[in-house]
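Peer 1: Chains as they are written, first to last, in our numbering: chain A, 1 to 205; chain B, 1 to 202.
Be aware that a few hints might be false.
[To be verified] Quick list of simulated restraints, FRET-style, between CB atoms:
| hint | chain 1 | residue 1 | chain 2 | residue 2 | range |
| --- | --- | --- | --- | --- | --- |
| 1 | B | 107 | A | 203 | 25 to 31 Å |
| 2 | A | 85 | B | 113 | 49 to 55 Å |
| 3 | A | 145 | B | 102 | 36 to 42 Å |
| 4 | A | 56 | B | 30 | 49 to 55 Å |
| 5 | B | 24 | A | 161 | 53 to 59 Å |
| 6 | A | 8 | B | 51 | 49 to 55 Å |
| 7 | A | 54 | B | 69 | 40 to 46 Å |
| 8 | A | 198 | B | 64 | 36 to 42 Å |
In case anyone wonders, no lab produced these hints; they're calculated from the structure. Just so it is clear, the structure is predicted and the values come from calculations on it, not from any experiment. C-beta: ideal position from N, C-alpha, C; glycine also.
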Amino acid sequence: MPKNKIARKSSKIDMTAMVDLAFLLLTFFMLATNFKAEEAAKVETPSSISDTVIPERDIMMITVNDSGKVFIGIDNKDSRAAMLKKVASANKITLTEEELHAFTLETNFGVPITQLKAWLALSPMERESFKQPGIPCDTVLNDLPQWIVQGRFGHKEVTSNDIRVVLKADKNTHYPAISNIIETFRELRVHNFALITTLEDDPRN
Amino acid sequence: MAELDTGGGGGKHKGGKPRGKKASTRIDMTAMVDLAFLLLTFFVLTTTISKPNVLPVVIPPKVDPNEKDQVEPPKVAESKILTLIIGKNDLIYTYVGLLDPENGKNPEVKKMTFAPEQLRKWLQERKDAVKGQFGDAKELIVLIKPLSTSRYANVVDILDEMNISEVKKYTLAELNDNERTFIVKVNEPDNAEDIKLVGADS
Numbered sequence: 001m002p003k004n005k006i007a008r009k010s011s012k013i014d015m016t017a018m019v020d021l022a023f024l025l026l027t028f029f030m031l032a033t034n035f036k037a038e039e040a041a042k043v044e045t046p047s048s049i050s051d052t053v054i055p056e057r058d059i060m061m062i063t064v065n066d067s068g069k070v071f072i073g074i075d076n077k078d079s080r081a082a083m084l085k086k087v088a089s090a091n092k093i094t095l096t097e098e099e100l101h102a103f104t105l106e107t108n109f110g111v112p113i114t115q116l117k118a119w120l121a122l123s124p125m126e127r128e129s130f131k132q133p134g135i136p137c138d139t140v141l142n143d144l145p146q147w148i149v150q151g152r153f154g155h156k157e158v159t160s161n162d163i164r165v166v167l168k169a170d171k172n173t174h175y176p177a178i179s180n181i182i183e184t185f186r187e188l189r190v191h192n193f194a195l196i197t198t199l200e201d202d203p204r205n
Numbered sequence: 001m002a003e004l005d006t007g008g009g010g011g012k013h014k015g016g017k018p019r020g021k022k023a024s025t026r027i028d029m030t031a032m033v034d035l036a037f038l039l040l041t042f043f044v045l046t047t048t049i050s051k052p053n054v055l056p057v058v059i060p061p062k063v064d065p066n067e068k069d070q071v072e073p074p075k076v077a078e079s080k081i082l083t084l085i086i087g088k089n090d091l092i093y094t095y096v097g098l099l100d101p102e103n104g105k106n107p108e109v110k111k112m113t114f115a116p117e118q119l120r121k122w123l124q125e126r127k128d129a130v131k132g133q134f135g136d137a138k139e140l141i142v143l144i145k146p147l148s149t150s151r152y153a154n155v156v157d158i159l160d161e162m163n164i165s166e167v168k169k170y171t172l173a174e175l176n177d178n179e180r181t182f183i184v185k186v187n188e189p190d191n192a193e194d195i196k197l198v199g200a201d202s
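Next up, chain B with everything else stripped away, as it sits in the complex:
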């Protein structure tokens, strides 16, 4: 394998004097190619060219329990608030404003999937409504409340959807008691399990 190819030079010419052997400039590169490809394969397989992407998240600071009473939460018009409850099996329960049956606040809760024609359309509808009422779609506030049985992918999808739909104000929050009771009452029996789990974390 590792021979030097000397073909082409050094033959005796017809009737002439034997000439000095002309060394060929060709060398057998097989071994070198073998090695080059071996290393190449190694580097191709071990390398990670594409670096992962990141989705930046900012969470609000925790309110000190001692200061809780002193800090007045900002007052917001109910119609600006949109709540998205992420359930299991990629379902979303959503309503506008406050859910407080005792005080006669019973907004219609919609159930939808992550399909763009449902969720994205709904967000657009709310943005338009807020824009109509307050003059700026940026006023819309979305509260994202994942149930314990929801998957992480769903939460990321919703955060992503906020970026796609250009919703400027959104936050991850926990379910309140009214929402928990609602989810138990209204939905399929298997959702009772959701509630049990949610109650357990909080």
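This is chain A alone, in the form it adopts within the complex:
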């Protein structure tokens, strides 16, 4: 009597197609990727119908979180360094190469000029957990104008392009914090800026 053997199927499958697909997607994402910048503040932007996308380069971003704390950042690393050098020399702060390097790694920050050196002296891990107090922006102490001015000059020197100022604020921020910044822009003759919003449907369509 012949034995009734159950044909054992091989557990191996042909993965060629899957690999093809995986690598295709991998290649796509590698090329399309644009690393998410580490943000000092969590911000939920309001929505608008504007479908203009933010320019690729030459951006100075002022971020305001829901409690009105102000952060500033420039997309270009070298401009950031130039901005810091200018602000430091204007305030007679001497910075070491390490501190300068540490600063270029931060895409945006919100630290008063007086605390700048202490903040840059922290290790990267400590800096990540450090709660940044925001850039002082009131009548008593107003650091924001010099950061904006020096940032513009620094960027112009490094890249010879004009910088675009964008304002990214949380939708629950109370208006005085925003109006304060818009007034600062007006003082500095930044009459042309943009607000970051998320896209919503245009009711006309």
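Add chain B to chain A, keeping to what the hints say.
Peer 2: Relative to the frame of chain A, chain B by itself:
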């Protein structure tokens, strides 16, 4: 895991000479797939494909206090002006023309929400009225005056509404004294707080 699959080749044929082992073209790709998917997951999670959108804003330059008296502000017909005061709890107070009770100018102030059937309809009404009177809806001038208790989202919504309703002339402005007194007088007691705050910024 990382073995080469040699199945299929090299068996002895019945009664024949042993043939040279035929190497299979199949290789075990498990490890490669693992790695590919790992990297893929990493890139998918870190990437930001969608770039944020921006709403361009242009603000008028500041008038130099020394030149303030020399610069004559342009004269505008009152009926072209529409004021929107943004309050808290997503409310809008709006009126046409000037609010100046001392000089007998008491326009009706409407209270509305951001709902399209209220705000958008109202803007359309004003555009039509301006068009009827001056021949062009573009003549409508909207002054947006946010109270201190208003949220940023409301301000963006209004600016957006200007784009949707195709209002060509609009600007962000501060409340004047008449409007402040009005807001205190007319509204709920909790709005008194609004006024205090507004007074504090200016």
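Peer 1: All hints are to be evaluated individually against the structure, with a verdict given for each.
Peer 2: Hints versus structure:
A beta carbon spacing of about 28 Å between residue 107 of chain B and residue 203 of chain A agrees with the range 25 to 31 Å that was offered as a hint. Evaluation of the 49 to 55 Å hint for residue 85 of chain A and residue 113 of chain B yields a pass: the beta carbon distance comes to about 50 Å. Taking the beta carbon of each, residue 145 of chain A and residue 102 of chain B are about 39 Å apart, inside 36 to 42 Å as hinted. Our hint of 49 to 55 Å for residue 56 of chain A and residue 30 of chain B is violated, since their Cβ atoms are close to 40 Å apart.
A C-beta distance of roughly 58 Å is found between residue 24 of chain B and residue 161 of chain A, which places it inside the suggested range of 53 to 59 Å. Under the hint 49 to 55 Å, the C-beta atoms of residue 8 of chain A and residue 51 of chain B, about 53 Å apart, fit the expected range. For the pair residue 54 of chain A and residue 69 of chain B, the beta carbons lie near 41 Å from each other, so the given range of 40 to 46 Å is met. Residue 198 of chain A and residue 64 of chain B have their C-beta atoms about 38 Å apart, which keeps the hinted 36 to 42 Å range intact.
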